[in-house]
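These are the residues of each chain, in order.
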Amino acid sequence: MRVADLVAAFGEQPGLDRVSFDVAQGERFVVVGASGAGKTTLLRAVAGLAPVRGGRIDVAGRDVTALPPERRDVVYLHQTPLLFPHLSVFENVAFPLRVRRTRAAEVIKLAREALAAVRLEDLADRAPRTLSGGQRHRVALARAIVARPAVLLLDEPLSSLDPTLRDEVREAILALQRTYRPALVLVTHDFDEAGLIADRVAVLVDRKIVQTAPPWELFVRPATLAVARLLGVPNEVHGVVTAEGVFTSALGCIALDGSIPQGAALAVFRPDAVHTTDTGTAVRVAEVRHRAQRTTAVVALVGSQAGVPALEIPADAHAPPRVGDVVRIGLDGTRVSIFPREAP
Amino acid sequence: MIRWMAFAWAVAGIAAPLAILGAWSFSGTWFYPALLPRSWTFESWRALLSGGSLAHALLVSVAMATVTGVVGCVVAIPVGRLIARSTGWRRHVGVAAAFLPVATPPIALGAGLQYSFIVLGLAGSTVGVICAHLVPAVGYLSLYFFAVFTAFDTRVEEEARSLGAAPTQVWLRVTLPIIRRQLAAAIAFGFLLSWGQFALTLLIGGGVVHTLSLDVFAYLRAGQSRYAATAALLLIVPPMLVLAASRPGALRAEAP
Chain A
809 MRVADLVAAF
819 GEQPGLDRVS
829 FDVAQGERFV
839 VVGASGAGKT
849 TLLRAVAGLA
859 PVRGGRIDVA
869 GRDVTALPPE
879 RRDVVYLHQT
889 PLLFPHLSVF
899 ENVAFPLRVR
909 RTRAAEVIKL
919 AREALAAVRL
929 EDLADRAPRT
939 LSGGQRHRVA
949 LARAIVARPA
959 VLLLDEPLSS
969 LDPTLRDEVR
979 EAILALQRTY
989 RPALVLVTHD
999 FDEAGLIADR
1009 VAVLVDRKIV
1019 QTAPPWELFV
1029 RPATLAVARL
1039 LGVPNEVHGV
1049 VTAEGVFTSA
1059 LGCIALDGSI
1069 PQGAALAVFR
1079 PDAVHTTDTG
1089 TAVRVAEVRH
1099 RAQRTTAVVA
1109 LVGSQAGVPA
1119 LEIPADAHAP
1129 PRVGDVVRIG
1139 LDGTRVSIFP
1149 REAP
Chain B
50 MIRWMAFAWA
60 VAGIAAPLAI
70 LGAWSFSGTW
80 FYPALLPRSW
90 TFESWRALLS
100 GGSLAHALLV
110 SVAMATVTGV
120 VGCVVAIPVG
130 RLIARSTGWR
140 RHVGVAAAFL
150 PVATPPIALG
160 AGLQYSFIVL
170 GLAGSTVGVI
180 CAHLVPAVGY
190 LSLYFFAVFT
200 AFDTRVEEEA
210 RSLGAAPTQV
220 WLRVTLPIIR
230 RQLAAAIAFG
240 FLLSWGQFAL
250 TLLIGGGVVH
260 TLSLDVFAYL
270 RAGQSRYAAT
280 AALLLIVPPM
290 LVLAASRPGA
300 LRAEAP
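Respectively, the protein sequence lines represent chains A and B.
The number in our numbering is simply the position in the first sequence, starting from 1, with 808 added.
The number in our numbering is simply the position in the second sequence, starting from 1, with 49 added.
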């Protein structure tokens, strides 16, 4: 699928501003953005459910921009599974085949295969209202995939689920995607989900895609300060880029490649860019943060240093520092992103 | 206590009038102050079964009410849906337009329609009376479907389109089956709106079109209480059936 210079509206509000990207068959492409960034508008425009004011959408080499939703070879799933309440699970999954007037024997074969792919073949005769939340999601996924669409669009499919269900539905999405290999476009506001699903992630900020990259690259090399902040990178240190192309701050110097102009700048980095070292800068522990997956410490430079707010650094969960401890830290310059101060 | 009050109300309000009508319809001679008829007869029921004017009126009433219910829904569904999908002043105007024929007294509505129906050649015909019945029925049913489609989750239709269904297929395979209970209730309501019409039938039918409600009135005026009671009993049957069949939450669509 290729989307070129797409302009779409959300009601009376401007929705998307010249958005372009392409997704290969079998690729998992995740669009991440804050609420109101235009994620749902993007999917609805591609699905033919929202008006397009400019640009072009190609699916499998065919311009579908002006085609109605049912002729796009694109399936769009809403955030909550919208099963047809008057049909059984089997008939829900068979629906896309029935409306295409597929032969009865083929309908039975394909619908059973799709139900087996989401491990729900035993519930074929059940009514949707009798299913659990996770089962409903899996039926909706099986129904979406049974007619083998070229593109599958998923609108925040995991956001309303508790962690256990989230794992179940994510696994179902990945399993179906691996089996049927549509181009998958999923939108979410959760970077962790994006990292677990995506081959590539696009970041939508203020109605525009500002960065497209594999998850690991996006997480360690945000292209703009806005992306870094959206990622929730906790550490920002003010400094200056000298005429020699060196960023200097209270945490030391970092040699740059010349891409950042001379003047005020901002260093942005994740906690894992910081390590403790006997020769580093002295900081005092102000708070220890325990999370399920990691432990960090919030530290402040010993003595008053302008431009250095509290930093979040890694901590050993088994032997965490105590509030008031003084530790010495160093910064790995290769793990730091530096942006001109004026940059958005 | 409340149960006893409800029971007393049911006896006084429903059972007693029905019992009196039943007694009248089978009464041979029944004069004041006798509590019960002195003799009994099946005359009016035999007349009904033998296909007399009462039977004819029954058939005409059933046919007209059925057509009004079905055609009323056919017209009211798109109108109600359109109002439900509109916003702002369009929605207000739509609701007001649908409410107007409901709020207007039938006698005033009939007087207003009479001239135009005479010009159109519809006055004095069954088709004309059905058209007149449709005016308040469509207004009422449009308001009903306005409520139905306001509560309807249109995302389920979007999903069906995205899954490959053309608009007609969405309508036939998704929307109609989901609202089938409300549709059945609406047809019944449309039926009852026509079934009980008196003023519009009299004004537009011009005495040529005979329905059960007109016959009740005519029999009463002629002093034929037995026939009036029989026609009145027949008049009560459909509303009782609809009441018995109606379920709570008829407006609530099935959740997707």
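Any given hint could be a false lead.
[Said to hold, decoys possible] Pair by pair, the computed Cβ-Cβ distance ranges are:
id	chain 1	residue 1	chain 2	residue 2	range
1	A	A983	B	T217	41 to 51 Å
2	A	G869	B	S135	31 to 41 Å
3	A	A983	B	A293	48 to 58 Å
4	A	G844	B	A293	47 to 57 Å
5	B	R139	A	R861	50 to 60 Å
6	A	P1069	B	S135	26 to 36 Å
7	B	A293	A	D933	45 to 55 Å
8	B	G161	A	A812	28 to 38 Å
9	B	A248	A	R861	52 to 62 Å
10	A	S843	B	W53	39 to 49 Å
Keep in mind the hints are simulated off the structure, nothing from the lab.
All C-beta atoms, glycine included, are put in the ideal place defined by N, C-alpha and C.
Okay, the hints, checked on the actual structure:
1. A:A983 to B:T217: 41 to 51 Å: violated (34 Å)
2. A:G869 to B:S135: 31 to 41 Å: Once the Cβ atoms are compared, 39 Å apart, the range 31 to 41 Å for S135 (chain B) and G869 (chain A) holds.
3. A:A983 to B:A293: 48 to 58 Å: This hint holds: roughly 51 Å between Cβ atoms.
4. A:G844 to B:A293: 47 to 57 Å: Taking Cβ atoms as reference, G844 (chain A) and A293 (chain B) lie about 51 Å apart, which means the hint holds.
5. B:R139 to A:R861: 50 to 60 Å: violated (23 Å)
6. A:P1069 to B:S135: 26 to 36 Å: violated (54 Å)
7. B:A293 to A:D933: 45 to 55 Å: violated (32 Å)
8. B:G161 to A:A812: 28 to 38 Å: Cβ of G161 (chain B) to Cβ of A812 (chain A): about 59 Å, so the range 28 to 38 Å is violated.
9. B:A248 to A:R861: 52 to 62 Å: holds (54 Å)
10. A:S843 to B:W53: 39 to 49 Å: At 58 Å between Cβs, range violated.
The earlier numbered hints that this structure contradicts are 1, 5, 6, 7, 8 and 10.
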